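Assembly of the complex is requested from the two constituent chains, each provided in isolation within its own frame, with the hints serving as guidance.
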Amino acid sequence: MSGSETPLLKAYGISKRYGHVQALAGVDIEIARAEVVALVGDNGAGKSTFIKTLSGVLRPDDGTIEMRGEPVRMHSPHQAVALGIATLYQDLALVDTRSVAANLFLGREFKRGPFVDRRRMNREARRALEELRADIPSVRAPVARLSGGQRQAVAIGRAVIQGGDLFIMDEPTAALGVVESGRVLELVEQLRDQGRAVLIVSHNLEHVWRIADRVVVLSRGRVVGSRRKHETTIDEVVRMIVYGAATTEGEAFERRLATDPP
Amino acid sequence: MAAASDAVRVDDRRPERDGPASSTRRTDWLDLLLDYGLYVAIVVEVVVFWWLSPHFLTSTNLLNIGSAIAVLGVIAAGLTIALVAGILDLSQTPLIAFTSIIVALLSARHDVPIGFAIAAALALAMAIGLLNAGIVVGFGINSIIATLAVGTIVGGMSLLLTDAQPIGIPDAGFNNFFFHRVLEVPLPVIILVAVYVIAALLLYQTKLGWHIYATGGNASAARRAGIPTIAVWVFVFVLSAGLSGVAGVMTAGLSNGGAANLGGDLLTAATAVLLGGIGLSGGGGRIERTLAGVVFLGVLNNGLILLQVQSFWGTIVRGVALLLAVIMVSVREKRMAR
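Protein chains in written order, with this note's numbering: chain A, 1 to 262; chain B, 1 to 338.
Everything labelled a hint here was simulated from the structure, so no lab data went into it.
Hints are supplied without guarantee of correctness; some may be wrong.
Straight-line distance between alpha carbons at most 20 angstroms, and here's what the computed EDC-like set of lysine to aspartate or glutamate pairs gives [to be verified]:
| hint | chain 1 | residue 1 | chain 2 | residue 2 |
| --- | --- | --- | --- | --- |
| 1 | B | 207 | A | 131 |
| 2 | A | 229 | A | 70 |
| 3 | A | 10 | A | 62 |
| 4 | B | 207 | A | 96 |
| 5 | A | 52 | A | 42 |
| 6 | A | 111 | A | 131 |
| 7 | B | 334 | A | 96 |
| 8 | A | 52 | A | 62 |
| 9 | A | 10 | A | 70 |
| 10 | B | 207 | A | 124 |
| 11 | A | 229 | A | 186 |
| 12 | A | 229 | A | 213 |
Please read all numbers here as calculations on a predicted model, not as lab measurements.
In isolation and in its complexed conformation, chain B is listed as follows (with noise of 0.2 angstroms):
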C-alpha cells in the first residue's frame, strides 16, 4: 500500500499561498455555524417557545404546525430542486393558485368526479412547467424573468377564470380527505414527508439527480461529460411546476375550494430555502436543509401566536430571518467560490 500512503499524505509539505490548506483549518468554526447553526435556531426556538408556552410541546400543537407548513414545504422543494439545477422558478405560488382554481371550477361547476379534477389540475400545472421549459431552454432566456412572466399570465388567468371571487367545492368527501388523520398524523404532513423523502432519494440517490447538481454546477462541463444538460431542466421545470399542482391541490382540500389569492407568498418559501443554505447560482444545496427552514418559519409563526404576539411582529421576525439567512448563503458561497 505503498502507493496508498502517499496519495493521503496531506497538507504537511504544502507551503502557504499554494493551496487552501491553511484556510480550511482556521475558520472550521464558521462551517460549523453554516452546516448546524439552523438545526441549533430550531432547537432554541422550541426550548423558548416551550419555557414560555406550555401549549407549545403537545402533540397538537405540533401536528398543528406540520399541517400549517405542509403547503409552504411543497413548494419549497421544488424551489430548492430548481435551484440545484440553476433554476430560479417563480411562477409557483401564481400556479397554486391557478391549480386549486382548476380543481374547484371542473368539480364544482362541471360535475367533474374530483379524482379527474384532480388529475387534470396536476397535468395543466406539468404542462406549464414545460412552457416554462421551453421558453427557457428554447430562447435562452433566464429562467427569473420567463417564469415570472408565466407566472403573471397563469395569476391573471386565475383572476380571469373566477372573477376574482372564490369558488367553493361541494364535494365534502374531498375536504374531509385532507383533514384525515394516519396514526394520528394529519394526510397534508404525510405528504410533506413523501415528497422530501421521494426528492431526497431523486437527488441524492439516483443518476438523474446527480446530473441535476452537475447542469446546475457547471452546464458547460456537464454537457462536455455528455449529461443531457436541456433533458435534466426540461425535468425541472416540470417537477417543480408538478410541485406547485400538488400544493395546489392539497391548498384546495384544506381551504375547500380555490381561489386566485390563494398560494401564500413566494417570499416565505424563498427565506425557508435560503434558510437552508441552499444557493442561488445553483449545483448545491440539500434539500432537508430547506426542510428545516420550513420547520424554522412554522414553529417561529406558531410560537408567535401562542404566546400572542401582534402578528406583525412575525413579519418583522420573518425579514430578519430572511435578512439573516441571505447573509449565511452569501459567505457560504464565498467560501466555496474561493
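Here chain A stands alone, though its shape is the one from the complex (with noise of 0.2 angstroms):
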C-alpha cells in the first residue's frame, strides 16, 4: 500500500493574481484517496479561482500540482480529464433533450459497426449509476424530466465513466431542497466508498459536516486553517471563516467582546 502514502493530489504554492487583487496567495492542500475535503470560505476568499487552477480552466501563476505523486502542468480542461481530475460545475453541463444515457456517454458514445451502441451504452449507463446507488428510473428518460438530485446523479454519473478519481464539486447542492441534497450528499459518500476523492465546496456547513472527512479553510487567498472534522467543531471552522485565521476561543472571545461589548 505504498499508493496510499501519496495522496492523490497535492497542491503547494498555488498563486493567482488578477490586477492588483491578490486572489491566491500561496494556497496549499492534500487529498488522500477516499477523501472527502471541503472547502469552505467566505464570498471572495479564493475558492473558485482555487478549483478553477484544479480543474484546467486556470494556470496559476505560480506553484505546484501534483496528481498521484507526478507534478502535472494543465493547459485545458481536457488534460485534466484525462489526468482524472472531474469537475461537476453548477450548472451540469447537460443536454436536457438527450436521454440519461447519452448524456453519460456525450462525447464519447459506443460504436458497433458504423453504428452507436445503444444497448451496451444503456447497460453500462445503468450499471455505472447503480453503483453510484443513484435514484434515477430510467436510463432512456430524457434528462429535462429528471429532479435536481437526479441531474446531479447523471452529472456525477458521467464524470465516473470517464475515469475520474478526484471530483471537484462546486456548491452541489446550492439549488437543491432538503430531500434532494441528502441525495447527492449519498452520492459523495458513495464515491469516497468506491475510493475516489471529492473536493467540496460548499457554503453549506451542515453539508459539509455530514460527510467531509476534512475541512479546508481558505481566507482572503490562504489557507487559514484545516481540520479533521472529528478534531474540530462547527464553531472553529466558523471562527476561522469568519476572523480569517486559526484563533482559540479565548482570543475569539476577547474578539467578540471588543466588537460587541456585552
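Right under this line is the structure:
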C-alpha cells in the first residue's frame, strides 16, 4: 500500500493574481484517495479561483500541482479530465433534451460498426448509476424530466464513466431542496466508498459536516486552517471563516467583546 | 442485486415539491396527445375523405399524394435536421428554385449532359450551404438572419439568371425519369422514402447524429464534452442545402425546367415540421414525425381537391393547422423546460 502514502492530489504554493487583487496567495492542499475534503470560506476567499486552477480552466501564476505524486501542468480542462480530475460545475453541462444514457456517454458514445451501440450504453449507464446507488427510474428518460438531485447524479455518473479519480464539486447542493441535497450527499459518500476523492466547495456547513473527512478553510487567498472533522467543531470552522485565522476560543471571545460588548 | 433494486426505487419516498414525479403522472394524457395526436389526425383525415370520396382510397390517388408531397418532404427533412442542430435554415426554398434553374440552364443553353448538370447544381447548393455555415459560425450571426439574407441573394440571382422567365429542359429523358415508376411507385416517392430512411439512420444511429442532437440541445455542454460543435453545424448547413438541391433537381425533373418562382413556400414545410412537434429551440424532435406532418398536409390538400372544395379553404385550413402546431410545440417545450 505504498500508493496510500502519496496523496492523490498535492497542490502547493498556488498563487493567482488578477491585476491588483491577489486571489490566491500560496494555497497548499493535499487530498488522499477515499477522502472527502470540504473547501469552505467567505465570498471572495478564492474558492472558485482555486478549483479552476485544479480543473485546468485557469493557470496559476505560481505553484505546483501533483497528481499521484507526479507534477502536472494543465493547459485545458481536457487535460485535467485525462488526468482523472473531474469537475462538476453548477450548470452540470447536461443536454436536457437527451436521455440519461446519452448524457452519460456524451461525446464518447460507444459504436458497433458504423452505428452507435445503444444497448451497451444503456447497460453501462444502468451499471454506473447502480454503483452510485443513484435513484434514476430509467436511463432512457430525458434529463429534462429529472429532479435537481437526479441531474447531479447523471453529471457525477458521467465523470465516473470518464474515469474520474478526483471529483471537484462546486456547490452541488446550492439549488436543491432538503431531500435532494441528502441524495447528493449520499452520492458523495458513494464516491468515497469507491475509493475516489472529492473536493467539495460549499457554503452549507451543515452539509459539509455530514460528509467531509476534512475541512479546509480559505480566507483572502490563503489556507487559514485544515482540520480533520472529528478534531474540530462547526464553531471553530465558523470562527476561521469569519476571522480569517485559526484563533483560539479565548481570542475569539476577546474579539467578540471588543466588537460587541455585553 | 441489492444495488439494482436500490437504484430503481421510484417516487415513493419523494415528497411533493422536491421532484417532478407528481406532475409526470398527472398529465399523461397530454403526453399522449402530443406524441400520437398527429397520427390519430391522419387516420381521421383518411377515414373522413374515404367516406366522402370514392376516389380517395385508390392506389392511384395514394401514389398521387406521394408524388405531390415528395419535394415538400425532402426540404422538410432538411429543415428538421437543421432545427435539431439549433439552426433555422430559411435559404431552402430559394435554393430549390436556384438549383432547378442551374440544371435547366446548363442542359438547355450550354449542352451540358444532364448528369453533369445535376451534379453541378447539387455542388453549387452545397457550396451555398457552406457559405451559410461560414457566415453563422464565423461571425456568430443568428442563423435566421444569415440564411434569410443568403436566401434573398440566391432568389435575386435566380431572377437575374432567368430574366424571370421559365427555362425548359429539352432532354425529355430527364423529365420521363422523374415520372418513372418502380413497382408502380413513382420515383419521387422512392426518393422521399430514401431521404427519410437515411436521415433517421443518421440522427438516431450514428455518433454524428447524436452529436447533432447534443449540439442543438446544449452547445456549450457538447463542446465541453469534446464534441466539435462547429464541424457539426457546418455539416448540417451543407446537408440542409444539399437536400434543397435534391428538391430542386426533383422540381426541375417534374416541371421539366427551372424557374425562379418554383420551390413552394417555406411556410408549408415549416407547418409540417411544427405539426411533427419539432421544437424551435433545438436538440429535440424525431424526423418520422416530420414525415407524418408532411403526409397530413398532403392528404388534406388532396382530399379537399377531390371534394372540390374551393382552394382558398385549403389555405385557411393550413393556417389553422399551423396555429395548432405552434401551440402544440409551445406546450411541449414548456413541459420539457419545467
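The hints, checked one at a time:
no. : hint               : verdict
1   : 207(B) with 131(A) : violated (26 angstroms)
2   : 229(A) with 70(A)  : violated (28 angstroms)
3   : 10(A) with 62(A)   : holds (14 angstroms)
4   : 207(B) with 96(A)  : holds (18 angstroms)
5   : 52(A) with 42(A)   : holds (17 angstroms)
6   : 111(A) with 131(A) : violated (23 angstroms)
7   : 334(B) with 96(A)  : holds (13 angstroms)
8   : 52(A) with 62(A)   : holds (14 angstroms)
9   : 10(A) with 70(A)   : holds (9 angstroms)
10  : 207(B) with 124(A) : holds (17 angstroms)
11  : 229(A) with 186(A) : holds (18 angstroms)
12  : 229(A) with 213(A) : holds (6 angstroms)
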